[in-house]
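**Student:** One letter stands for each residue in the lines below.
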Amino acid sequence: MAATTSATAPGRSDSSGPARGREKPRRSYSIGRSAVPYLLVLPAIVMELLIHLVPMVVGVVMSFKELTQFYIRNWGAAPGAGLNNYRLVVDFNGAVGSALLHSFLITCAFAVLAVGFSWLLGITGAILMQDTFRGRGFLRALFMTPYALPVYASVIIWAFMLQHDNGLVNHVLHDQLHLTAKPAFWLIGDNSFISVVVVSVWRNWPFALLVIMAALQNIPDELYEASAIDGAGVWQQIRRITMPSLRPINRVLVLVLFLWTFNDFNVPYVLFGQSAPPAGDLISVHIYQASFHTWNFGSGSAMSVLMLLFLLLVTAAYLTVTSLSNRRSNA
Amino acid sequence: MPSTYRSPTARPMSFVWTRRIVLTLMAIFAALPVYVMISTSLKPLRDVTEKFRWFPGHLTLRPYVDIWHTVPLAHYFVNSTIVSAAATGLSVLIAVFAAYAVSRYRFKGKRIFTITVLSTQMFPGILFLLPLFLIFVNIGNATGIALYGSRAGLIITYLTFSLPFSIWMLAGYMESIPRGLDEAAMVDGCGPLGALFRVVIPAAIPGIVAVAVYAFMTAWSEVLFASVMTNDTTRTLAVGLRGYSTQYDVYWNQVMAASLVVSVPVVAGFLLLQRYLVTGLTAGAVK
Amino acid sequence: MRRTRITAAIAAITVASAALTACGGGTATGNGGNKNPKTLTYWASNQGKNLDDDKQKLTPELQKFEKQTGIHVKLEVIGWPDLLNRILTATSSGQGPDVLNIGNTWSASLQATGALLPFDDGTFNAIGGKQRFVPSALGSTGVAGKPPAAVPLYSLAYGLYYNKKLFKDAGIANPPATWSELVSDGKKLTHGGKYGLAVEGANNAENIHHAYIFAKQHGGDFFDASGNPTFTSPGAVAGVKQYIDFMAADKITAAGDAEYAQNQSLQDFATGKAAMLLWQAAGVQLAQRGMKAADWGVAPVPVQSGAPGQGTQVDTMVAGINLAVFKNTQNRDGALKFVKFMTSDEEQKILNGKYGSIPPVTSAQSDPQFANPEQTVLRQGLAKSAVALPQVAKESQFEDLVGPALKDLFADAAAGRPVTEDSVRKRLEKAQQQMAG
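Residue numbers (my numbering), protein chains in the order written: chain A, 1 to 331; chain B, 1 to 287; chain C, 1 to 437.
Just chain A, with the same shape it has in the complex (with noise of 0.2 Å):
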């Protein structure tokens, strides 16, 4: 989400996309001298330093230490291990490094799928629901629950559905539709990515629609009226209006479903249970195997100080590619 602080450092968002000239750069009340401002921002600064921040530096410190079942009791008296556990992680020919690899490779995998799909269905949906309609309130609330129920609940059902012998999606695949020759199995081998795509997109993709169809009224409607008069039809409009207009949003909430996605631990966690499948092995769990169940929280550290490097440098570059490509075709 680092994403946004561009647009809400203010006097730069404003000279970039389609919002430019809605308002001047103003004059802030202060420059520097006054205490207000960080007497406003501490009671923010002292949360996150406290939660956040300190236990991140920890976790850092973690990864550099030897911090086995040995010494949890006592980490203080954990020896150092300088670079060894990232040693280790790295060696993608060595077992553990080689599972990691493995395991982020299908979150890769994963999250893009995700987030496409999110996305995908997001925006079809918001287009669709531009006009009034009837039902639409009521389709609406009812596209915003996966979104809104707790995710415990919601993966469970998924696994309630995905069982192999009395799940729904076999009884309607296999019984109903005949269209697999034996029941598959969704929550373990290969299927299990498939099953973890789709709840994933499942609970996801109210959100990509909240966001767009938010999105969607700031666009404004003389825009579309003008390309009425010009003889435009409703699938151009979209094609030359909607889309445009929207990219600003996509470039963010791309970018905030992908960090979600990537570290999700919930929606794999409560679908495998203790261990999962090795196509649906996605990186925070197998993190947190790798830490909670090996009692390694040395390695486990070090992966996701890696995880959070990666996703670090993700961003950067993602940010800097749309900013690019945006300027250009703002140009």
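Calculated pairs, SDA-like style, for lysine to any residue (alpha carbon to alpha carbon, straight line, at most 25 Å):
no., chain 1, residue 1, chain 2, residue 2
1, C, Lys49, C, Pro81
2, C, Lys349, C, Phe124
3, C, Lys49, B, Pro72
4, C, Lys251, A, Asn166
5, C, Lys49, B, His69
6, C, Lys55, B, Pro72
7, C, Lys187, C, Ala299
8, A, Lys182, C, Lys251
9, B, Lys110, A, Leu309
10, C, Lys49, C, Glu347
11, C, Lys74, C, Asn85
12, C, Lys57, B, Ala74
13, C, Lys188, C, Pro175
14, C, Lys354, B, His69
15, C, Lys49, B, Asn231
16, A, Lys182, A, Ala279
17, C, Lys194, B, Arg53
18, C, Lys49, B, Arg62
19, B, Lys51, C, Lys49
20, C, Lys35, B, Asn141
If we take Cβ atoms under 10 Å as the criterion, some of the chain A residues that face chain C in the derived model are:
no., residue
21, Phe70
22, Gln163
23, Phe185
24, Leu187
If you want the ones that stay clear, here's a sample from chain C, every Cβ over 10 Å from chain B, calculated:
no., residue
25, Asn34
26, Lys64
27, Ala177
28, Ala238
29, Asp345
Simulated from the structure, these hints should not be mistaken for lab results.
Think of the CB as a built atom: it goes at the ideal place given N, C-alpha and C, for glycine as much as any other residue.
Chains B and C: place on chain A using the hints.
**Tutor:** Below, chains B and C alone, put in the same frame as chain A:
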């Protein structure tokens, strides 16, 4: 609602039919698990462990009675309500202050502040679960303030989880409130806080509601930290739901009934307030 | 300018982190005492139908203890998915219960953390002596040669449960005593949607219990004498393959069992979908699922040939729950009193009776309620042909790496992919390499 001037009848049939078909498919996708939850919650356990059936063979409300003593659900309800409400209230308050500073003041370190706060969204929870736990315990040992195992610990954890998104969204929202308003209030003799409370907050209500909904949902359904940081007396609903799959049995019908009961407050609240959410996002985040 | 500010900020955070976690585990280095003699916190594991059921079963006993000693016991029943994490966080912070239940296979792993009070001779004397316990149960309380980290509380063993009616219908007179008999019986019993044997293919704990016994029967082991993993030893590979083959080759197990992790196999047995089941003390749960006691029988778990015994003739693991004292307790004397109370003859009879397990205390075993056919089979298995799971510090890693390996092999079998000695060895090899980490 905007766009109403575009009469639906003006749409070509191809668009109308695409809309009908696609929205129907989406509705099925969204509704199917919800239907399964409701229908399963009305079945006796025996039926649930057999082959799936679309309609319950015999309807029973028994699971809705049983859920309350299989796990102390009512007790967890109280815990979750207290924790989520307190976390939401504090989170909104802190976010309002911070967002006000970010949107109205220029100060040294502002960029670092916003970047840092937002990048915490990237932190994998697993990385700081154990350190946070240790910090809570050490604070407890040093000061006697019990954070581990108490509701207070969960409250400050959850409020911080929703803080980055809240600050970002509210700052965006406040940017859209004309400064003339609070400058006028300041001229009238209000201090910065007076301007915030008399002018900015009332104008930012949709954004605040949106943020509050988000914060409440975050707190209401968090599982990982709650499973480690709570005990018998402070356990929350999201963790308590796991109590229906015991060592020996999964009470699927009760899981579904309890999930339904647990979901109703958030889903209802969310749906009632979603109009605000759209407005809040429109003005705040998506510009 | 900006750079120095960032550096300063990072420095400040680091200092704050150091200050906040300076003493690492807080009071973890302390060794407890008796500062708080009037109360105890007890973490019980989930042994009954659900957490509430456990509470109701234990509360009267805890009240009895309070009446005897004046010590109030605060009970918390913790579900299995949370128990190990809670113990772990308690260990790392020093904030834990006074007395707690642990799965007996975790003993050596937890012992290695140093969080549990070692039961040396003096401690054992305080609770009535080591000789009161059944030797095989004591074999699963920690690394050999060190004072145990816990004492046995409830004992369990595997038995072969079989459906009498289905056996009769198939014309089988006696339950199988060897695996080849079990397979041929299983084939007779497998028809029309019913299967010979139900397994819990996605359950880590069940998987490693069976893998270990099968490996033992093939003369193999998962660890050598010095505690190093030997997952790919011929015996281990052959043992695992034999277990998977019930589904992959012999086809006496339904493919759907590959995703069972929540006792669906027990359900299948109770409803007659499967004719045999390898389980620990299933009786109570079968009754709860509406299966009449007359409809099922229990026999010792089969062996390769001959009769159950020691060495390659073992047929069950020493399963069960141990009771441990947290080293940091502020009421060590009270905690030991409580352990003594819970392992007393009277409480052993009551509690094991309630849970359908076997008392690990010799003098309590003679009670008539443990002499019914089911308990007799399990008791004899424990006494004669049981082996403890490896008592090595890395046991919990073993469980978490080999368990999923078997789950993946079952998934292969269920998908119709061939399960060969090679594919088994590859999975186990991967698990073994990860142990190094």
